[in-house]
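Work out the full structure, taking the sequences as your base and the hints as a guide.
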Amino acid sequence: MGKNKKILSLLLVMLLVFGVVAPAGAVEPKKALQDYFIESMTRDTADVYSAMSKGQLRIEKIAFNPQKNGKTDSFSEALTEHLNNSVLDYNISFDIKNRKARVSLLFSNSRLKLPLIFYIMEKQLIVDLDSLRKSVAQIDPEIAAQLPADRQYLVNTSKDEEELFTFWNDLEKAQKDSKLDAKSQEAVADMIGLLVTSLPDKTVKVFDQQDVGVQIRHDDLLPLLSSLIQVVAENPDKVSKFYNNWKNRSSLPVQNASIDESLNPADVKKSLEELRKEMDRSFHLNEYTLIKGPKEGNRFRSLNRIDIEIFDNGDRSTGGQFCIELENWDENNPTFDFSFPTLTDSNQITFEELDRQSAKKR
553 MGKNKKILSL LLVMLLVFGV VAPAGAVEPK KALQDYFIES MTRDTADVYS AMSKGQLRIE
613 KIAFNPQKNG KTDSFSEALT EHLNNSVLDY NISFDIKNRK ARVSLLFSNS RLKLPLIFYI
673 MEKQLIVDLD SLRKSVAQID PEIAAQLPAD RQYLVNTSKD EEELFTFWND LEKAQKDSKL
733 DAKSQEAVAD MIGLLVTSLP DKTVKVFDQQ DVGVQIRHDD LLPLLSSLIQ VVAENPDKVS
793 KFYNNWKNRS SLPVQNASID ESLNPADVKK SLEELRKEMD RSFHLNEYTL IKGPKEGNRF
853 RSLNRIDIEI FDNGDRSTGG QFCIELENWD ENNPTFDFSF PTLTDSNQIT FEELDRQSAK
913 KR
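The number in the working numbering is simply the position in the sequence shown, starting from 1, with 552 added.
Read the hints as simulated data drawn from the structure, not as lab findings.
If you're wondering where the values come from, they're calculated on a predicted model, not measured in any experiment.
16 Å max Cα-Cα, derived EDC-like pairs, lysine to aspartate or glutamate: (1) LYS754 x GLU580; (2) LYS829 x ASP864; (3) LYS847 x ASP882; (4) LYS725 x GLU674; (5) LYS731 x ASP596; (6) LYS754 x ASP772; (7) LYS665 x ASP682; (8) LYS754 x ASP771.
Written out as structure tokens, the structure reads:
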């Protein structure tokens, strides 16, 4: 059982590799996929001083089964009502060199449009009060009326400075640590080659605009897991090298791995059969698609889509149907079309002062 757990932990790590897909062009799809994986995971980001991530999270369908212990679950009903056919627009911009960031969010459904804009500075969190007023007014007009109309920004107090300072230090460290040495690049390239080769042919597809990616349906899950287990069994040295290299670069509490290639085929088959029964009992995956492309200059598009039905069973009180799509554009060293706020005594109010003023009005 310990060996099976180790195999599953390795598979989870390796599946992280499949989060990007590539432009196919005239190259054989798997080769294009492999080349893009290697280029994406070994790219040097040391010269990236600013970055922007912009896109939409589209909840096309979210339908919880609102039954809990034989009764209607009002919370599940409310989630279904407000999240079904909703969209979250986001624009997250980082000026890493000057330690400034802007986050712009807009949640919308058939009844509401809730904006929120805030800024993360080196030692300050700044909330745009106009965006907050617009959102709160749609939910609770009385609370919205308590927000000061003569102030533009809501800011934290000095006691929170250390946490923000630590956030920026960690971000800069992560950027520096992302650069791979030659040994790490070799381990990544070896593992990507093995994984892409092991993908069932029908899961690698050419999509619109000649982009190649991975599309997995329920019947593909078992062949995919079987192929990955075979990779582990046939290439223990390369898999161990990749896993240990990833462990050394990760902050997660994982241990060194030594892969035993002598997996018992009968045990593997039995485990896969049990896993298939559990998957069929728990959920049905209609579609899981990952696409990356096209690339426009310094901008990269990615699309992730999942359509899944989760079944009710004895271990789970709420199932449902979920179809969610995330379309994202990443850009390195962009030109920002906004300015960061300049605070004055007359245009800001602290969270603590706002609480005091609101308490007086109650």
